[in-house]
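In this note's numbering, the protein residues as written are 354 to 737.
Any given hint could turn out to be false.
Said to hold, decoys possible - List time: in silico BS3-like cross-link candidates among lysine-lysine, alpha-carbon distance up to 25 angstroms: (1) Lys420 / Lys618; (2) Lys611 / Lys575; (3) Lys390 / Lys357; (4) Lys428 / Lys575; (5) Lys357 / Lys447; (6) Lys575 / Lys405; (7) Lys507 / Lys528.
Read the hints as simulated data drawn from the structure, not as lab findings.
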Amino acid sequence: MEEKPRLEVLTTPSNYDGVRLQVENLIVKNRDSFNFKMTELPHMEVAIESLKSGTADMLAMSIEQWKSLDVEGLKISAFLPRREPTWVLVGDDKPEYLPLNATVICPKKLIKRQLIRMRPDLLVYDLREFLELEKLSLDSEVVDDGGGLELLEKLRNDGLIDGYVISRGQFSQIKSRVRRHTLGMQREKPSQEFERSTFISPPLEGFTVLVSREGFPISVVKNLNDTAAETCYTVENAIFESLSDELKEICGIFVEQKKLSTILKQYVKLIDDSYALKIGENYLIPSKKKTRDLRTKWNPSRNIIQGPRICIYFELLSKNSNVSLELVRIEPILENRYDRGKNVLIQEIKFLVELLQQDHDELKRLINGLPEEYRLARSGLLEL
């Protein structure tokens, strides 16, 4: 009987980001293929030094930790399946039904602007801004450490705020039973004009990686690697790193892998059965056969590129949330065709941001059909 490979994996106490739980599930699921030993260390910095010194094989961490800590001499050996990247609104009501001029606490600039775009009447602050506004004093370490969840819940229960936005991992810390409302991208009925706005997630949310020293044979843990998550991270990180620092906090980026049939079904909801859906030079064609409920059955044309797609979603919101730039690109995975699409998207972002920030000079003549004020000079549309 062949002996199972031995792997010692370092972890840290739960940081309420989902990493610890995901690693535990990974070990349970793959214990027939590996002889795992999981060792917990008190802090991520200690765990990194222990890994560098050779006392273990791998270390589990989030992408945020990988990009912010000293990981020189280490490499990513495996990606775990991506966790749900969306954030949640904690409150009694959905964002559509919050009272007029409701007060919401939100730590992310992007989500703050998304909420105001959806409900211009909302008063959205981060926790520190709200405490200063209400002249409430609190130890700054409590505010900075995880957003002070107990304080947020107390403020909500006391009626000082109507809700607050936190990550899904932070929501698991709340001991009392409260309602959460996902700020996601799902649109069950996209043709309905008044359905909830989409909330494209902040970049690089939900990635968990297994890190090892340089020279570690990746082939040993090949079966642990989630290829879809790795591909999505590669694309998403390339777009994120191409942005200027002033854009990184106010941009939403989300990359996912989808089956072609799933994409087609989603877009069929938007069109009448007398139309054909164009994807590049390929079409989704209505079949002559009708289903029992008399709805048109749709089939892809024969010349369509088969296989899953990489779907890239990007958005940028202005300071007042009154101007939005949104780009969606869907590319085949076959032969890494998505790589070119990613590069084109990056160039489109740079071009459009520059274009929307340009000032408009006064026009020399009035264009027929447009009001007189159209001739006047005006500043660029996109104010960051």
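We went through each hint and held it up to the structure:
no., hint, result
1, Lys420 / Lys618, "37 angstroms, violated"
2, Lys611 / Lys575, "22 angstroms, holds"
3, Lys390 / Lys357, "12 angstroms, holds"
4, Lys428 / Lys575, "14 angstroms, holds"
5, Lys357 / Lys447, "50 angstroms, violated"
6, Lys575 / Lys405, "21 angstroms, holds"
7, Lys507 / Lys528, "12 angstroms, holds"
When the structure is compared with the earlier hints, violations turn up for hints 1 and 5 and for no others.
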